[in-house]
Amino acid sequence: MNQYTERIYNGLIKENPSMVMILGMCPTLATTTTVINGVGMGLSTTVVLVLANVVISLLRKVIPDEVRIPAFIVVIASLVTVVDFLMQGYFPALSQSLGVYIPLIVVNCIILGRAEAFASKNSVGLSFFDGLGMGLGFTFALAILGSIRELIGSGTWAGMQVMPKAYVPISIFVLQPGAFFALGCMIAVMTAIMSRKKKTKTAEQDCNPADCAGCASSAHCGKRIFEETAKAGLKEDGGDKA
Amino acid sequence: MKELLIIAISSAIVNNVVFSQFLGICPFLGVSKKTDQAVGMGGAVIFVLTLSAFVSELLYQFILVPLHFQYLETIVFILIIAAMVQFVEMFLKKSMPSLYRSLGVYLPLITTNCAVLGVALNNVDKYDYNILQGTVNGFATAVGFAIALILMAGIREKIEYNDIPKPFKGTAIVLIISGLMAIAFIGFSGII
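Line by line, the protein sequences are chains A and B.
Residues in the first sequence are numbered from 8 upward in steps of one, following the numbering used here.
Residues in the second sequence are numbered from 108 upward in steps of one, following the numbering used here.
Fair warning: there could be bad hints in the mix.
Simulated crosslink set (EDC-like; lysine to aspartate or glutamate; CA at most 20 Å straight-line) [claimed, not checked]: (1) B:140 to B:270; (2) B:276 to A:22; (3) B:233 to A:91.
If the Cβ cut is set under 10 Å, some of the chain B residues that face chain A in the computed set are [claimed, not checked]: (4) 178; (5) 183; (6) 208; (7) 222; (8) 229; (9) 273; (10) 275; (11) 281; (12) 292; (13) 295; (14) 297.
Here chain B is said to cover these stretches of chain A; the calculated rule only asks that three of the stretch's residues, wherever they fall, bring their Cβ under 8 Å from a Cβ of chain B [said to hold, decoys possible]: (15) 79-93; (16) 111-117; (17) 194-204.
Note that these hints are calculated values from the structure, not bench results.
All C-beta atoms in this analysis are idealised placements derived from N, C-alpha and C, irrespective of residue type, glycine included.
All chains should be built: construct the whole structure from the sequences, respecting the hints.
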């Protein structure tokens, strides 16, 4: 396996952002009422993720280290605005049903996490494939969750009737509680499979906000990044005054 | 006045930010292990969200709309929120050290809380609120978040000693509990 396919495998399975790293929970829960919505959300996040990784990787030698997080946020926010308007223009129905969650891709920890942990340190090609892998992993998780919820909750898949006519849909699965139940069970299944393979921990289990330095998954963790931003920001502000 | 009360109740309880709008799930899962931490985070979110809802409305109504720059709202709002969290932190450090000691550690985490950006965007795009309505909505949403967080922290302190199947330990069981709580919160939808 060469290093490019390894990045894709890493994003899809090993460090799957939704099921293993437990990142980007808000869109995962909110947009998976149907498969179409879930995949739409996943793909728009993928586009932003790939473009953000490429742009940040290109600019990694230009951006000064102290202001890198605000710079990353501006890059990501601009790309999200572009994607938002493209969606409104070409897929108005999908854009309508995803609503505020499209602009909220800006605060999705996956994107800033990859920019900080990977794209700001690696070449453009590798960053591209890293973004692609992570994005596809996210899309994959959303597609599965969307399928489960749509099948059980309304008996259809991507709008087609799949379940027999006699099946009475359990509509709570397309409502909010169903999102929590389905994702909870999915994470449990994933944890069971992973722990059978080898002893792995999820980011959540050993996360102690007070002690990010000793955390194994700190490289991908939104919390640590923002704590560092805070420190960097304080330095900047101090500098301005002086 | 009546209208403001309806906005407040609907965004604090009926459309609870965590259980019905799915915003701010990351801090909800991350900082709900201990009740005192949850209270600190809840307080910090109430403080920042009210302020950011007010400032973003102000900026939108008086700068972005007159200049026809509405399409820049996402970029402007996220920068405003990030800058404001910094500002609030510095202000508290200088002028209210005791409050800073209790809320300080939670402030940097708030920038990643999508509820803050979500409320700012919903205020101007979805609901078209004026400045007062927007601020009330921000405050009430944050109160709803604090309620959810503190309830969850109380439950998690109890289940620590329960015998949970191994794969469900950690995030999975918290999500299942959130599902049960979301069912309870659906019950409020008859109020308004």
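Now the hints, each set against the structure:
no.: 1; hint: B:140 to B:270; verdict: 17 Å, holds
no.: 2; hint: B:276 to A:22; verdict: 19 Å, holds
no.: 3; hint: B:233 to A:91; verdict: 15 Å, holds
no.: 4; hint: 178; verdict: 7 Å, holds
no.: 5; hint: 183; verdict: 9 Å, holds
no.: 6; hint: 208; verdict: 14 Å, violated
no.: 7; hint: 222; verdict: 9 Å, holds
no.: 8; hint: 229; verdict: 6 Å, holds
no.: 9; hint: 273; verdict: 7 Å, holds
no.: 10; hint: 275; verdict: 5 Å, holds
no.: 11; hint: 281; verdict: 8 Å, holds
no.: 12; hint: 292; verdict: 8 Å, holds
no.: 13; hint: 295; verdict: 12 Å, violated
no.: 14; hint: 297; verdict: 15 Å, violated
no.: 15; hint: 79-93; verdict: holds (count 8)
no.: 16; hint: 111-117; verdict: holds (count 5)
no.: 17; hint: 194-204; verdict: holds (count 6)
Of the numbered hints listed earlier, those contradicted by the structure are 6, 13, 14.
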